[in-house]
Amino acid sequence: MSVSDQMMKGLLDGAILGLISQGETYGYEILEKLKERDFPEISDGSIYPVLLRLSKKGYVQTELKKSDTGGPKRKYYTITAKGLEELEVFRNKWSYLNKGMNNLMRSVEDAK
Amino acid sequence: MLSKEAENFLLNLRLELISRGKNEKDIQEMEEELRDHLTEAEANGQRIESITGGSVKDYIRSISQELPREKGLIKNGILFIIYMLGVFTIPRLISGDFELNTSVIFYNLGILAIGILGTLLIVKNVARRYGDSKKAYIIIGSFSMFFFLAMVGGQFIIRNYSGIILAESNPSVNLIIGAILLSVFIVGALIMKKWFFAALILLISLPEIIAKIVTNGSGPQNESYLIISGIVLIIVNIIVIGFLIYSSKKEDKKTSN
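These protein sequences, in sequence, are chains A and B.
At position 109 of the first sequence the residue is numbered 109 (the numbering used here), and the sequence of numbers has no breaks.
At position 107 of the second sequence the residue is numbered 107 (the numbering used here), and the sequence of numbers has no breaks.
Bound-form chain A, shown alone (with noise of 0.2 Å):
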């Protein structure tokens, strides 16, 4: 797995856990509002390990209802406060991470 391809797998699930907190969603729904706001490469069935992940984790809670358009039962996901703990962990590593790199890049189109 390349750097870049980490680096997305890391950010997905903060990504993800932050739509969550929003409110009661699902999966198909967390797709959509991921591509709406220009999260990059990924590809649709890559968010279903990672809300695997965040609920085995105790991050998120499911349930299942039917669903509005009749087909299969739906799952619906929503934050815990577990979750919201670890989303303002990820708010804040971010946040740093952002400023070191966005400082670190800007040297780097100085020095070109």
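Quick caveat, the hints were computed from the structure, so don't treat them as lab data.
Note that the Cβ used here is the ideal one computed from N, Cα and C, for glycine as well.
Misleading hints may appear alongside valid ones.
[Unchecked claim] Have a look at the derived ranges for each label pair, beta carbon to beta carbon:
| hint | chain 1 | residue 1 | chain 2 | residue 2 | range |
| --- | --- | --- | --- | --- | --- |
| 1 | A | Lys9 | B | Ala113 | 51 to 57 Å |
| 2 | B | Ile227 | A | Lys65 | 54 to 60 Å |
| 3 | B | Leu112 | A | Lys82 | 32 to 38 Å |
| 4 | A | Gly18 | B | Ile138 | 46 to 52 Å |
| 5 | B | Gly115 | A | Lys82 | 42 to 48 Å |
Fit chain B to the known structure of chain A by using the hints.
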């Protein structure tokens, strides 16, 4: 309704996760979630590649990594193998026609290996390649036929070439051992609340028990014994197949609600 390609993908996913020993409830939930996603994606004109990112195999692996293994998988696997050995030997012990020799041991090990591992491997690979198609059913059907013939052929071989005899055949000792083992298996299965397995081993042994009682303790050398046990075996088969069809239909109904 989903496309054939999407249905094949879900079938592949299910078989792959089962073969990796994942929990049945988790597999069901994952399948339902992906089914919901694919229904919506296909309605919006997207294809299966949008889910898998190109490689079905890699995608299934990434899902599999996040799902926990079924608890007690090894313990249940060992119990199942012991149970199958009981299924193979107890009826023959009751009939009095059992002799412990190297051929019997190799035969049982071979049947277990081909029956469990072989079936799993064939079904998984055929489903991956051909999905839910006529060709898949023909290949799996042919394999089952081959397996059945191998069992019959194996029986012929072990009856004629016993190899090294480890314990001599003695009808009355066999009957006592068979009856004790049958009771142990039934009580054990009932303690573990596996009433289906308790009933199944009793039903499988029933042809020999009934034939033994009706013919006043004769063995398979007696023609009446063979006829009676044959008829009871057919009835037992009908009961077991009927029950499996009934419970599978009941399960389908439960899932669709």
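Verification of the hints:
no. : hint                            : result
1   : A:Lys9 to B:Ala113: 51 to 57 Å  : violated, 39 Å
2   : B:Ile227 to A:Lys65: 54 to 60 Å : holds, 58 Å
3   : B:Leu112 to A:Lys82: 32 to 38 Å : violated, 45 Å
4   : A:Gly18 to B:Ile138: 46 to 52 Å : holds, 50 Å
5   : B:Gly115 to A:Lys82: 42 to 48 Å : holds, 46 Å
This entry does not satisfy hints 1 and 3, going by the numbered hints stated previously.
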